[in-house]
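Let chain D serve as the given structure and place chain H on it in line with the hints.
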Amino acid sequence: MNTVNDSKPSALELVEVRKQYGDHTALDGVSLNVPEASIFGLLGPNGAGKTTLIRMVAGITGPDSGSISFFGKYLTSEHINEVGYLPEERGLYKNMRVGEQAMYFARLRGMSKAVARKELLDWFERLEVDGWWNREVSDLSKGMAQKIQFIVAVIHKPKFLILDEPLSGFDPINAARIRKEIIRLRDEHGTTILLSTHDMSSVDELCDHVALINHGRKILDGPVNSLREKARAGKIDLIFRGNLISFTAALGSGAVLHSANSMGDNVHEVVLGLPASIPIEKFLKWVTTEVDVLSCSPQSVSMDDVFLRAVQDSAANKIEQS
Amino acid sequence: MNRWLIVVGREFKTRVRKRAFIIATLLGPILMVGAIVVIAFLAEQATHSDAKVLFVDHNNLITYSLSGSEGVRIPSCTECFSERSFLEYRFTNQALTTEEFIDSDFTAMLELDDGIMQSAKAVLQYEVAPSIRVTSAIKRDLGEAVERLRVKNESSLDYETYKRLKVRIGLVTQDIVTQDKNVQHKTGVGFAFAMFMFMFIMIYGMHVMRGVIEEKSNRIVEVVISVIKPEHLMSAKMAGIGLVGLTQILVWSLLSWILFIAFGFYAESSGLLVNLMSEHGTQVATTDFSSFLEASDDLNVLMQIDWLMMVGWGAFFYVAGFALYSSLFAAIGAAVESEADAQYLLLPAMLPLMFSYMVNMMILESPESMLATVCSFIPFTSPITMMIRLSVGVPWWHVVISALILIVTVYIMIKMAGKVYKTGILMYGKKPTLREMFRWLMYKN
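Chains D and H, in that order, are what the protein sequence lines are. The numbers in my numbering rise by one with no breaks, and the one at position 174 of the first sequence is 174. The numbers in my numbering rise by one with no breaks, and the one at position 334 of the second sequence is 334.
Relax, there's no trap hidden among the hints.
Facing chain D, a subset of chain H residues (Cβ under 10 Å, in silico):
(1) N2
(2) R3
(3) I225
What follows is a set of in silico ranges between Cβ atoms, one per label pair, in the way DEER data are often shown:
(4) H:Y411 / D:D187: 50 to 60 Å
(5) D:A176 / H:G28: 50 to 60 Å
(6) D:R184 / H:S253: 48 to 58 Å
(7) D:G110 / H:K415: 25 to 35 Å
(8) D:R179 / H:E231: 32 to 42 Å
(9) D:E100 / H:M199: 25 to 35 Å
(10) D:G110 / H:P395: 44 to 54 Å
(11) H:V311 / D:E188: 56 to 66 Å
(12) H:E231 / D:S168: 27 to 37 Å
(13) H:G28 / D:E100: 24 to 34 Å
(14) H:E231 / D:G143: 31 to 41 Å
(15) D:G110 / H:E231: 12 to 22 Å
Just so you know, the hints here were simulated from the structure itself, not pulled from any lab data. Ideal placement from N, C-alpha and C gives every residue a C-beta, glycine not left out.
Here chain D stands alone, though its shape is the one from the complex (with noise of 0.2 Å):
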């Protein structure tokens, strides 16, 4: 069920990837498709097999079977300072100074001083931490050092970006402004960005595609909008002032009532179910003769939503199968 748009290369592909601690499956056979210069949300509850997912593709761990491909090629220690990553709960070290601390992890991911530099004192400018290069990092605020955290995850250009929880931690004015880097991350230099987080509202503002993985297996993925049109499934709120009853008579055999919501003043809301052979402007002239339409719109559907049903879904037919 690969539904990931094809007309985009892939930047990382996995196939039937598993893990094994002890008697432990934390990663099940799961297939995964990044495609190029996205942002790629990664979804799951608490233990799902996220963190294994991630640390392999960061070149911590490797998979026990399956593959991983990276820009078309099996993933290996190459890679290295093609990758960023940025992981939850992170800190920094205690005893050294914010810009020393930071250009000590460029020059593990290989950049040479001179390079270093340059490209940390953009950034520090950027995120506005310009003057704490020489300060200790005891002295930085927690959002602080998450811009700190972030700017070392970037400083090497990766092509491709693991981030884990990037906005925890961050007020919201900052996290607009992450949300925007992100963004433009992914608009100006084409980096691919993996993107871990329980944050539904980040999933609906900045991923293209996302995947949910539970138990270590993936149960939904796709890109964001047609798993909204998916669970969607032809809903429709409908709000009217008129009598219910003669509303549902209105309704015929076409359209199913899902629920209904009395507003007072005589006012509705309904949610309809509507087949599709139904097009909603006859539907709409149908029930125009009957009660007074105040306003009709496809229902909202939330990530949470989306997640909410398939992690049921998936529990649902666990039992069954078993």
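Okay, now just chain H, sitting in the frame of chain D:
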């Protein structure tokens, strides 16, 4: 390799420039020497609180009276009671009563035994205990006076001849095979080396553990090992921190050596050396520092130790011993998430180190015992035990075999620790048991 060096550089630099390290490194030997100087100075001060001794010669044995003044007497041997800055005698044949003595300005009263010519005894009474320097000066003075009298009364020799004929035996202990002398003193030097070894392995081993825990708990390790293999990160950390220890040892040795030489110069130029020599009764033609050391029974060991060999092998055993123990500490650090959690795992790692320390105490007395020999081959004790054996002399092939065993063990330990490290460093949320850590050794990948 390049990345490995960058990591080593960071581990080294961030520690070496810490204020605490700089102070400890520069002031360590100065503080140690300073403490000795202060003690010596205080002792000197104590002796400078001048003693005034009333010398009571009831039977007029070694003093005669000066006509006219009652009670005031003159020693028959004036050269025996030479003038000293810290000691002043008054001679009499009338003892003071306790009350009189307390009221007087005398600090002590020396009463000769009636049979002093045979018994060679005298009683020194005091209100405030005199210093050792005063009592030993009194003993020397009185002794010489009695001796002179005896020689005069009981022989036809003059005192100078007697003194020339008198024998003082110097006992030199020597190993018949190695021709090494004064082994007991040398073990002291070996012991000092071993203690430093123990101290440095302990202190810097803990640094490794703490460093590993820091990286693990703030997740930096994930970023770093996505760039460099975990085993390499571990070895780079050990190398960087080991180098810090080596730097400190080097600076301490150098500073101690400079201070020692400086003290030698000072002693030569200030005349302290001449004083020391006459007090030790050492007879040497020249009064330079090295011949003083050579002539001193206690200190000539400093001249006999093969310092180059001690320092060379010392450096080797430090590096190897540190690698051995710090790999253990690194594995422990990787397995836990806080220092508090590490305590129960530290015990088994520390035991062999503690054991070598205790063995050292035992073999200090018998550096050529079976225990010493066996322990100098066991890799966990050899870095510390071998230093004592090296100081007294050991067949070269013993050292070489011990070194080879140690190198092989270090290699195996680093491999094993690397496996535990690699697994532990990414494991959060549970305290592993020793058994679990052994299981990690079996993991592939």
